[in-house]
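In case you want the letters, here they are:
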Amino acid sequence: MTLNNFLILSAFLFCTGLYGTLARRNAVLVLMSIELMLNAVNLNLVAFSAFRENVTGQVFSLFIITIAAAEVGVGLAIVLLIYRNSRSVDLDQADQLKG
Amino acid sequence: MLDNAWIIPAIPAVSFFLILFFGKRIPTKGAAIGITALGASFVLSCVAVYQWIDRVESATGGKSSGLAAFGRSLVTHGGETKPVVEPVLHHVTWWSNAGIDFGVGIRMDGLAVMMLFVVTLISLLVHIYSTAYLHNDIRYTHYYAMLSLFSAAMLTLVVADNTLQLMLGWEGVGLCSFALIGHWWEEGANSKAALKAFFTTRTGDIGLLIGVTVLFWAARSFDIGRINAYALSPRADHSMMLVAASCLMLAIIGKSGQFPLHTWLPDAMAGPTPVSALIHAATMVVAGVYLGARLYPVFWNGFSIGNGGVNFMVLIGGITIIIGALLAFVQDDIKKVLAYSTISQLGYMVMALGAGAWVAAVFHLFTHAFFKALLFLGAGSVSHSGSHHSFDMKKDMGGLRKFMPITFWTFIVGTLALAGIFPFAGFWSKDEILVTAGNSGYDFFLIVGLVGAFLTAAYMTRCVYLTFFGEYRGHGHPHESEPVITVPLIILAVFAVLAGFLNAAAFHIEKFASWVEPRVAFPELVHPAFDYPKAAISLSIAAIGIGVAAFFFFKREKLGKLNGLTERNKVAHAGYMFLVNKYYLDALYENVIVASIRGGIARGSYWFNQHVIDGVVNGTGKGTKAVGQWTYEFLDRKVVDGAVNGTAEVTAESGGLLRYFQAGRVQRYALYMFAAVGLLALLLLIANI
Amino acid sequence: MPFVLSTMVAQTVVFWILAVVMVAAAIGVVRAQNVVHAALYLVVVLAGAAAQYILLVAEFVAWVQVLIYIGAIVILFLFGIMLTRAPMKPDGPLDNNQRFAAGVVSLFLFGVLTALLIDAYGDAPQIHPKASMVLKGSPTAIASSMFRNYLVPFEVVSMLLLAALVGAVVIARRD
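Residue numbers (the numbering used here), protein chains in the order written: chain A, 1 to 99; chain B, 1001 to 1689; chain C, 2001 to 2175.
Bear in mind the hints are in silico, worked out from the structure with no lab data behind them. Mixed in with the good hints there might be a few duds.
As the list claims (entries may be wrong) - With the C-beta cut set under 10 Å, the calculated list includes, among others, these residues of chain B facing chain A:
#1 R1202
#2 T1203
#3 G1615
#4 G1664
#5 R1665
#6 V1666
#7 L1671
#8 F1674
#9 A1676
Think of the CB as a built atom: it goes at the ideal place given N, C-alpha and C, for glycine as much as any other residue.
With the hints as extra help, turn the sequences into a complete structure.
What follows is the structure, encoded as structure tokens:
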């Protein structure tokens, strides 16, 4: 396994997650795509950690997992709020700042 | 007095102001002030003459004072040694800048003292004479004021040591001449005559101005002595001297009544007769000749007088002699006869100067002053007491010798002097002119001079006959004039007889020459000895002139067919009319030159001024206004405001365009962001590969 | 070294299998037309990632990934889906109208990244998971590194968790 294998895989996951954030209508799906991107980064970090035989990468990936969890929590809370206010989580309809 | 000769012009100047301010209030109405002033100036001039003669005589080695020098004059004095007698110079600098010195001063030499004597004497006599002549005149006081001013100006001119002061005096006498000719300006003809005199001499003054300037540039000085020294030095620029001499010649032509600017002199007879005697016979008109005599080296160099041959000066002089004499024949006015005679005699002086006969010219100036003033004052006496204030010989005079003996005899003396009959003054001076002209190679002008002499004798005889002989044709009661008039006549007659003996070459007396001729900065002139044959010829010609005229008039009946020739014969009549119309010169000047200037040239100048010059000015104004307008319209409104407004519009438009990027949709923003990130990454990738 | 060789080959094979699965699942996440299906695909991706971590001798991270990500975060997602879905209504189209541009950008970015990675790490040496690496990936090692070198970030992340917790409660409460 070359390093590049992991890295290119990670790049692919990242770009797929990017596509998801840009192209999905449902807010929850957008959050899912963001999770995909974060996982790609985690994979990157761990791959480098194995490549360098240094534990720092893994530590960072732990931090990222934690933050991702916090972020999903808050994000979903916001989505719930939006759903409560406008009965829909369609991002195409959430283009006004007011409301 | 030589050192303080500035007092001599100053006294009449002061008297001018005194007469002007106080004249009307004092009993004699200003005449007393004038006479006193001129009397004082005359006495001081005599002192100056005495001092100068003394100076010359002591320099020449004579061990006696002035009066004794007179006594020695009858002894032979051949072979002069000519020691140098410097003129007395005093100068006060008024203002000096960049090497140019402006000031006033006196240059006292023989020429100057001679002129001082002549001017003050004749002016004094005229002052006295005028008390009777202008008695009860309406502007008596102003007349005396102007006479004083004139005397002051003439004396300033005479003693001047620089050309600027000379010009000052020149202009001053011109002004006073104008004022005095037009003394009775209520008559239109008199004021016209005054204007004519002023303008004609003014034309000559242009020459004076240019000539003085050219001389300044040539000699780098206004000082007469320096100019003369420069003109005679080898480094003198001959062409510049020629230009200067020609310009000064123009001034002489104007002021001294030479052809072609002589036309003002006869008309100047409109002034009072004493004025004519003083100004237009003895003093002002000789200012031109004086200029020529003072600045002689300039003319000597410029016209190459020493080389013989015809030059501008001698030619003009010669022409003037003849035309003046011819015109004197057809005049009915006695003063006009004398005026043309003056023109003719001035022609003699100028011709003499042009022929290198400096002493002769100046001597003739000296003697002419006396007998011409005498003749004019005599004519004045005739009009005052004989012809009831008229000067027309044919209508109002005739046979006056019975009634006015003193006037008659003094007039005869004057006529004989003028005609050049031995031993009167005119003989010696005119003779010297003719002899010097002949000896210097100006033979043609010798002939001209002789012809002039003949004519002079003839027309004066006519004048005498018409005035004093025949039957009285006038309307008044002729009687002799009062002593105030006749005494000056007698005094002048004495001078007319005796003045010639100062330079009576036949008796080897050349005192005048030795006293007057400059020794400093003066060319070597020819001084021929007395030429008996030529003297005899000129004397006989004069006598013939008198004889022919006398025959013509006294023995009228013997003329037979010649009587009334000018009426019958067409050619003779044409010739007569030509003379009567003064060679149509007046017509030329008035109708052709002046009218064309007044009409065409003036109109053309006015058109040019209005359309071209004003057009340029207005056009500049309009153009500036148009430029301003264009700037406002185009630059300010369109370009500047356009830029400003355009910027705002571009901003608005681009804002309007960019507005579409903000749809409010977050994912769209994210798309843009990641697209940009991708591009940048690509760029970085490319740059670093 | 047949052991090494065979482990190397085995690891590569496993890697590739996992990679393919992850890729397919990832595409499934972003292209599924059913939200729940997308969530389930996400579970596959996350599991695959955990397996990759094990392959990279990062066991602790792998277990944390399974625990937190799959165990908590996906449940959160499912709850979120449940709460924000209209009852018994089929999902409308789940993609917005910039799919094409997003696809282009994603592909473009993937291309750039790949080129960059090949250029940078194309000739990097192979990763050989060794026994020594196990110790390095153990909780002991991670803990010692975290609490020695990265203590401050640890504390900060703790605060962040607290803030997120409180924040989520505040945002989502009914009042």
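Cross-check of the supplied hints:
The closest approach between the C-beta of R1202/B and any C-beta of chain A is roughly 100 Å, which is over the 10 Å cut-off, so the hint fails. About 102 Å separates the beta-carbon of T1203/B from the nearest beta-carbon of chain A, more than 10 Å, and the hint is not met. For the restraint placing G1615/B at the interface with chain A, the shortest Cβ-Cβ distance is roughly 73 Å, beyond the 10 Å limit, so the hint is violated. With a cut of 10 Å, the hint placing G1664/B at the interface with chain A holds, because the nearest CB-to-CB distance is about 3 Å.
With 10 Å as the threshold, the beta carbon of R1665/B comes within range of chain A, its nearest partner Cβ sitting at about 5 Å, so the hint holds. Because the beta carbon of V1666/B sits about 7 Å from the nearest beta carbon in chain A, less than 10 Å, this interface hint is met. With a least beta-carbon distance of about 5 Å to chain A, the hint placing L1671/B at the interface is held under the 10 Å criterion. Hint on F1674/B holds. Least Cβ distance to chain A is approximately 6 Å, under the 10 Å limit.
Nearest Cβ of chain A to the Cβ of A1676/B: about 13 Å, over the 10 Å cut. The hint is violated.
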